[in-house]
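**Student:** One-letter residues, chain by chain:
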Amino acid sequence: MENISIKKTNQTPDVKLDSKTGTLSFSGRSLPEDSTQFYAPIIQWIDSYLSSPCKVTNIVFELDYFNTASAKAIFSIIVKFDKLYESNYSVKIEWLYDEDDEDMKELGEEYKDLFKTPILLIAKKDE
Amino acid sequence: MESKKTSFQELVYNFHQTVRPLDVKLIYEGEINHDIMKVFTTLTEKGLKAEEFKGQKKVFNVMVECLQNISKHSDCIEGMKQDNIGQGIFLISNNEYELNIVTGNTIKNEKKAFLTDKLNHINTLNTDELRSYYKKTLKDSEISHVGGAGLGFIDIARKTKNKLSFNFHPINENYSFFILSAKISK
Numbered sequence: 013m014e015n016i017s018i019k020k021t022n023q024t025p026d027v028k029l030d031s032k033t034g035t036l037s038f039s040g041r042s043l044p045e046d047s048t049q050f051y052a053p054i055i056q057w058i059d060s061y062l063s064s065p066c067k068v069t070n071i072v073f074e075l076d077y078f079n080t081a082s083a084k085a086i087f088s089i090i091v092k093f094d095k096l097y098e099s100n101y102s103v104k105i106e107w108l109y110d111e112d113d114e115d116m117k118e119l120g121e122e123y124k125d126l127f128k129t130p131i132l133l134i135a136k137k138d139e
Numbered sequence: 002m003e004s005k006k007t008s009f010q011e012l013v014y015n016f017h018q019t020v021r022p023l024d025v026k027l028i029y030e031g032e033i034n035h036d037i038m039k040v041f042t043t044l045t046e047k048g049l050k051a052e053e054f055k056g057q058k059k060v061f062n063v064m065v066e067c068l069q070n071i072s073k074h075s076d077c078i079e080g081m082k083q084d085n086i087g088q089g090i091f092l093i094s095n096n097e098y099e100l101n102i103v104t105g106n107t108i109k110n111e112k113k114a115f116l117t118d119k120l121n122h123i124n125t126l127n128t129d130e131l132r133s134y135y136k137k138t139l140k141d142s143e144i145s146h147v148g149g150a151g152l153g154f155i156d157i158a159r160k161t162k163n164k165l166s167f168n169f170h171p172i173n174e175n176y177s178f179f180i181l182s183a184k185i186s187k
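Residue numbers (this note's numbering), protein chains in the order written: chain D, 13 to 139; chain E, 2 to 187.
Calculated from the structure, these hints are not laboratory results. These figures come from a predicted structure and were not determined experimentally. Don't take each hint at face value.
Simulated restraints, written as ranges between beta carbons of each label pair [what the hints assert, rightly or not]:
1. D:18 / E:36: 15 to 25 angstroms
2. E:170 / D:64: 54 to 64 angstroms
3. D:76 / E:117: 28 to 38 angstroms
4. E:114 / D:33: 49 to 59 angstroms
Here are some of the chain D residues that sit facing chain E, going by a computed Cβ distance under 7 angstroms [stated by the list, open to error]:
5. 80
6. 122
7. 126
Only some residues are given here: those of chain D computed to face chain E with a beta carbon under 7 angstroms [stated by the list, open to error]:
8. 43
9. 48
10. 87
A virtual CB, placed ideally from N, CA and C, is assigned to each residue, including glycine.
My request is simple: use the sequences and hints to build the entire structure.
**Tutor:** Next up, the structure:
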């Protein structure tokens, strides 16, 4: 299957999905005009990835900001991998946030509460 | 033609007189779409950066949710020529104590009960309860046909840490004008 690489804009995140290495990364901002439309190919890719997943999947979220419609899309993504995790595959999720960004930290904690897959919260130091 | 021109000039002058003494930083009436949202958020970010206000990201966040509410949920009055979906008013005021984000848009009266219940419920919740409500909604909600997840108001309440103030002005038997203000204390 094809890998996906979407360059970030001021309104949409950088997205890299690699089926060979089993890595997915999302970084930047997410407030697309139509979040369903933006995330549809990503969800589709994930569905086909899940038909023959890697032994270990690594997902990295390094988002500065996302709107509530994107919050729901992120939830839908993690739901899919939570099922994979429950069927005894290794899934690791990292949630990176700026150390002084309480709101982003809280959002990470909320996802952590909602899923069985371990979500590691990592504070990034100010450069 | 001449009389209309004069009345527009008067409108502009009266508007200037009314708005000038207030702390209004931005007021807009018209179609609210994604491009408008980009412009407003960029302008406000720049303004707040210059002011070195720490909560600029919160303001950005609340603005996005408020503007997307209008662009997704405002209704148009049937038969009214200049009324479009996504039409509304957006206002930001800013002084040394607080920042207010106020939106106004037309809604069908049938949405009034839902909005009133939702906003009143949100206003009864404390920080922890809002957090649980957010999580529950994140988990249980379905994306609506306009792309909403039912999280917008909860998110606004959480970010502002203030009660949401709202009002409905009746337009006719089918429509009302819905006004929502979100206050960010400094």
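**Student:** Hint says 28 to 38 angstroms; check whether the CB-CB distance for residue 76 (chain D) and residue 117 (chain E) agrees.
**Tutor:** With a Cβ separation near 34 angstroms, residue 76 (chain D) and residue 117 (chain E) satisfy 28 to 38 angstroms, so the hint holds.
**Student:** Is 49 to 59 angstroms respected by the C-beta to C-beta distance linking residue 114 (chain E) and residue 33 (chain D)?
**Tutor:** holds (51 angstroms)
**Student:** Per the CB criterion, is residue 48 (chain D) less than 7 angstroms away from chain E?
**Tutor:** With a closest approach of 5 angstroms, the residue 48 (chain D) hint holds.
**Student:** With a cut-off of 7 angstroms, does the beta carbon of residue 43 (chain D) approach a beta carbon of chain E closely enough for the hint to hold?
**Tutor:** holds (6 angstroms)
**Student:** Is the hint on residue 80 (chain D) kept, meaning its closest Cβ partner in chain E is under 7 angstroms away?
**Tutor:** Cβ of residue 80 (chain D) sits 4 angstroms from chain E, so the hint holds.
**Student:** Holds or violated: the hint that residue 122 (chain D) contacts chain E, with Cβ atoms closer than 7 angstroms.
**Tutor:** holds (5 angstroms)
**Student:** Go through the hint on residue 87 (chain D) and say holds or violated, using the shortest Cβ distance to chain E against 7 angstroms.
**Tutor:** holds (5 angstroms)
**Student:** Does the beta carbon distance between residue 170 (chain E) and residue 64 (chain D) stay inside 54 to 64 angstroms, or does it fall outside?
**Tutor:** Given range 54 to 64 angstroms: holds, Cβ gap about 58 angstroms.
**Student:** Taking the beta carbons of residue 18 (chain D) and residue 36 (chain E), is their distance inside 15 to 25 angstroms?
**Tutor:** Holds, since residue 18 (chain D) and residue 36 (chain E) (Cβ atoms, about 21 angstroms apart) stay within the stated range.
**Student:** Given residue 126 (chain D) was flagged as interface, is its beta-carbon under 7 angstroms from a beta-carbon of chain E?
**Tutor:** Given a least distance of 6 angstroms, the restraint on residue 126 (chain D) holds.
When each numbered hint is compared with the structure, no violation occurs for any of them.
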